[in-house]
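Please dock the two separately framed chains into a single complex, following the hints provided.
If you want the building blocks of each chain, they are given just below.
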Amino acid sequence: TQLLEQSPQFLSIQEGENLTVYCNSSSVFSSLQWYRQEPGEGPVLLVTVVTGGEVKKLKRLTFQFGDARKDSSLHITAAQTGDTGLYLCAGEIREDSNYQLIWGAGTKLIIKP
Amino acid sequence: NAGVTQTPKFRILKIGQSMTLQCTQDMNHNYMYWYRQDPGMGLKLIYYSVGAGITDKGEVPNGYNVSRSTTEDFPLRLELAAPSQTSVYFCASSYSARQYQETQYFGPGTRLLVL
Chain A
1 TQLLEQSPQF
11 LSIQEGENLT
21 VYCNSSSVFS
31 SLQWYRQEPG
41 EGPVLLVTVV
51 TGGEVKKLKR
61 LTFQFGDARK
71 DSSLHITAAQ
81 TGDTGLYLCA
91 GEIREDSNYQ
101 LIWGAGTKLI
111 IKP
Chain B
114 NAGVTQTPKF
124 RILKIGQSMT
134 LQCTQDMNHN
144 YMYWYRQDPG
154 MGLKLIYYSV
164 GAGITDKGEV
174 PNGYNVSRST
184 TEDFPLRLEL
194 AAPSQTSVYF
204 CASSYSARQY
214 QETQYFGPGT
224 RLLVL
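The listed protein sequences correspond, in order, to chains A and B.
Residue numbers 1 to 113, in my numbering, belong to the letters of the first sequence in order.
Residue numbers 114 to 228, in my numbering, belong to the letters of the second sequence in order.
One chain only, chain B, in its complex shape (with noise of 0.2 Å):
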């Protein structure tokens, strides 16, 4: 198994440039999320899946669009880019988040700059 698979693992965008940060696991979880992690700040959650055609907004959504048509994708869409989404993106699975402790799986991360 892959696990979680990230693309691209670097870009650099300009103001108000859109692209996609895609998220692919096979490990057939039915959670999937979408991170950033900004430097010496935690995790903040942006959206989560509970399973495909299934999303919700997390901590942090503005600025950012997901989808989730089939259970193994999951891209995450920036349409105006910003400086202050300069960050790195980890997307994350879990089998259900519905278990007691429940195991998240990362992928390497997407590290975006914004000029």
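Isolated chain A, as found in the complex (with noise of 0.2 Å):
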């Protein structure tokens, strides 16, 4: 069984604060996505990283990609209210002509203002 593990499972801090979440798993992906899920909401793409090491910037979000390409984490700068949500890792396997997306269970982020 290939899991993707999420940590902290549940954040809660003040507006301005940066915070960092983390994806692990012992499984090499040929890629890996961040999304993010709004109340209500189905999830919305983000990023995709693909490179071991390659570090992506999204205004205040940093998407980073191990080296081994095993883990990624996700820094939020100076957050804000609207930076609250559900963020979700999905790592993706490929095998031959087989794929397969292996989702993390979410970090739930909640930004007082």
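Mixed in with the good hints, there may be bad ones.
[As the list claims (entries may be wrong)] Once the Cα atoms are required to be at most 27 Å apart in a straight line, the calculated DSS-like pairs of lysine-lysine come out as:
(1) Lys170(B) <-> Lys157(B)
(2) Lys157(B) <-> Lys70(A)
(3) Lys108(A) <-> Lys157(B)
(4) Lys108(A) <-> Lys56(A)
(5) Lys122(B) <-> Lys108(A)
(6) Lys157(B) <-> Lys122(B)
(7) Lys122(B) <-> Lys170(B)
(8) Lys59(A) <-> Lys70(A)
Worth flagging that the hints you see were computed from the coordinates, not collected in a lab.
See the structure below:
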């Protein structure tokens, strides 16, 4: 069974603070995606990282893929109330013609004003 | 484009009842997926389809059935509802799962309560 563990499961911080959430696995992924899900809606893709060690920035959000492509982190600088949501990571595994997307359980983030 | 739409948004079923969750996409995507999301758990793939007329089981297919008669529609059928099927169901689509780094587009979800 391939697992993708996200930590912490829940995080509540004040607006303006920095935070990092993690996505870890023992499996090697072809790529890894980060999604944000708001209450009552489906997940929306934020970014895809592909190369080991890759860093991508999306305004105040910084995504990093581990060198071994087994883990990833999301760092938010100066969090805003609009960042509140469930952050999901999903790792892509490809074996020949088989394709599988493994989902983490998510980190529920609340940014307090 | 409306993207991926799902109906109904919310439904209460009695044990043993059946229902169909509807999913439609207008992006001409080949691949469509059904997931369930339980509290504190990740998305679990129920069924997927690679094109009209072709469906395959995902991780948790028991108790569900699907069909794909058109590119746009991918309904999910629950034949004998059980309390364990209480969940939020998401439909998603992508152009192709054979392309690298494929993006899945999700619908707003159907919240199902089985009592």
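Here is what the structure says about each hint:
Of the supplied pair hints, the one linking Lys170(B) and Lys157(B) holds, its CA atoms being roughly 11 Å apart against a limit of 27 Å. With a C-alpha separation of about 20 Å, the suggested pair Lys157(B) and Lys70(A) falls inside the 27 Å cut-off, and the hint holds. A threshold of 27 Å between alpha carbons decides the hint, and for Lys108(A) with Lys157(B) the separation of about 18 Å falls inside it, so the pair holds. Between Lys108(A) and Lys56(A) the alpha-carbon distance is near 21 Å, which keeps this suggested pair within the 27 Å criterion.
A C-alpha spacing of about 22 Å is found between Lys122(B) and Lys108(A), which places the hinted pair at or below 27 Å, so the restraint holds. Proximity of Lys157(B) to Lys122(B) is assessed by CA-CA distance (about 19 Å); at most 27 Å being required, the pair is judged to hold. Note on Lys122(B) and Lys170(B): the hinted pairing holds, with a Cα-Cα distance of about 24 Å set against a maximum of 27 Å. For the hint pairing Lys59(A) with Lys70(A), the CA-to-CA distance comes to about 24 Å; that is within 27 Å, so the pair holds.
Checked against the numbered hints listed earlier, the structure breaks none of them; every hint is satisfied.
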